[in-house]
Amino acid sequence: MIQLHDNETVLLKRRRHWYVIAGQSTGLVVGFLTPVFLFIAALAHETAQSFVQEFLGVILLGLGAWLLVLWTVFFVLWTNYYLDILLVTNLRIIDIEQHGLFARDIAEVSLGNVQDIKVEVLGVLPSLLNFGTIHIQTAGEAKEVVVHNVPKPHEVRKTISRHHHKKTSAEFSTHARGQQGPRP
Amino acid sequence: MLNIEEAFIETIFFILAGIVLLAFSIVSVVLYHHWTAYGVGKKQVKRLRTVYFGVSAVWIALMAAGTLTILLS
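Going down the list, the protein sequences come from chains S and H. The numbering used here numbers the first residue of the first sequence as 3 and each following residue consecutively. The numbering used here numbers the first residue of the second sequence as 212 and each following residue consecutively.
Keep in mind that the hints were calculated from the coordinates and are not lab data. Source: prediction; values computed, not measured. Don't take each hint at face value.
Stated by the list, open to error - Where chain S lies over chain H, by a calculated footprint (3+ residues, C-beta under 8 angstroms):
#1 219-227
#2 231-244
#3 266-279
As the list claims (entries may be wrong) - Cut-off 25 angstroms, straight-line C-alpha distance, at most; resulting in silico cross-link-like pairs (BS3-like, lysine-lysine):
#4 K160/S x K120/S
#5 K120/S x K145/S
#6 K253/H x K15/S
#7 K15/S x K154/S
#8 K120/S x K169/S
#9 K145/S x K15/S
#10 K15/S x K257/H
#11 K15/S x K254/H
#12 K145/S x K169/S
Claimed, not checked - Pairwise CB distance ranges, derived in the manner of DEER restraints:
#13 H244/H x T36/S: 31 to 39 angstroms
#14 F225/H x V12/S: 44 to 52 angstroms
#15 F34/S x I237/H: 15 to 23 angstroms
C-beta atoms are modelled at their ideal positions from N, C-alpha and C, and glycine is treated no differently.
Based on the provided sequences and hints, a complete structural model is requested.
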């Protein structure tokens, strides 16, 4: 769980586009429907009926195990999707990437360190569904943070730019006031 | 009398079902840990738990029905 600082507020929160989880789940849906349809079809067919009657126990056991596997895999995918998140606060950008069940990668960039932001929306589907990749160039140790499949990426870029500008101009005016010294 | 080939297939299925149940238990513990530790809200964890374990129970019941059918035949 990410702990926010006292003066920190979340400006924007983005999960990966729903297309990601939908694409990953397609195979699971096919894998789910196929044996169920086969089982129902077999019950309607005479020769298959005797086979089903003979092996009913094994079929039920196998079907139950197969559906349990698919169900568990779906929840692993969903958890990965749900825990993959991009947070933009008034102080920093936090990109959390969940890779499988046992790998979690958290990249954090101070808004003041942002040097350049590039948005890539490549392909028909990303253009139609409005999602893409954001490249954030930084002055920090991690030179570039790349966030894939972000919905409405231009909106994210605008928010980061606006608050980066606010933060740097506030820092600049504080610095300039400090250099002027006390007024006579 | 029980056919040897049939008995072999059933044994294989019992072993596979055991492996699936073991894997399911381990993955469930890990998933539950992720939901509670990494910021899925309390209400949502409750809803997730109900859906995930509720539907899983249906598949496990199907497996149990299959096992009973094999054992009673």
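Hint-by-hint comparison with the structure:
no., hint, verdict
1, 219-227, "holds (count 5)"
2, 231-244, "holds (count 8)"
3, 266-279, "holds (count 12)"
4, K160/S x K120/S, "holds, 11 angstroms"
5, K120/S x K145/S, "holds, 13 angstroms"
6, K253/H x K15/S, "holds, 19 angstroms"
7, K15/S x K154/S, "holds, 11 angstroms"
8, K120/S x K169/S, "holds, 19 angstroms"
9, K145/S x K15/S, "holds, 22 angstroms"
10, K15/S x K257/H, "holds, 22 angstroms"
11, K15/S x K254/H, "holds, 19 angstroms"
12, K145/S x K169/S, "holds, 20 angstroms"
13, H244/H x T36/S: 31 to 39 angstroms, "holds, 32 angstroms"
14, F225/H x V12/S: 44 to 52 angstroms, "holds, 51 angstroms"
15, F34/S x I237/H: 15 to 23 angstroms, "holds, 22 angstroms"
Consistency note: the structure conflicts with none of the earlier hints.
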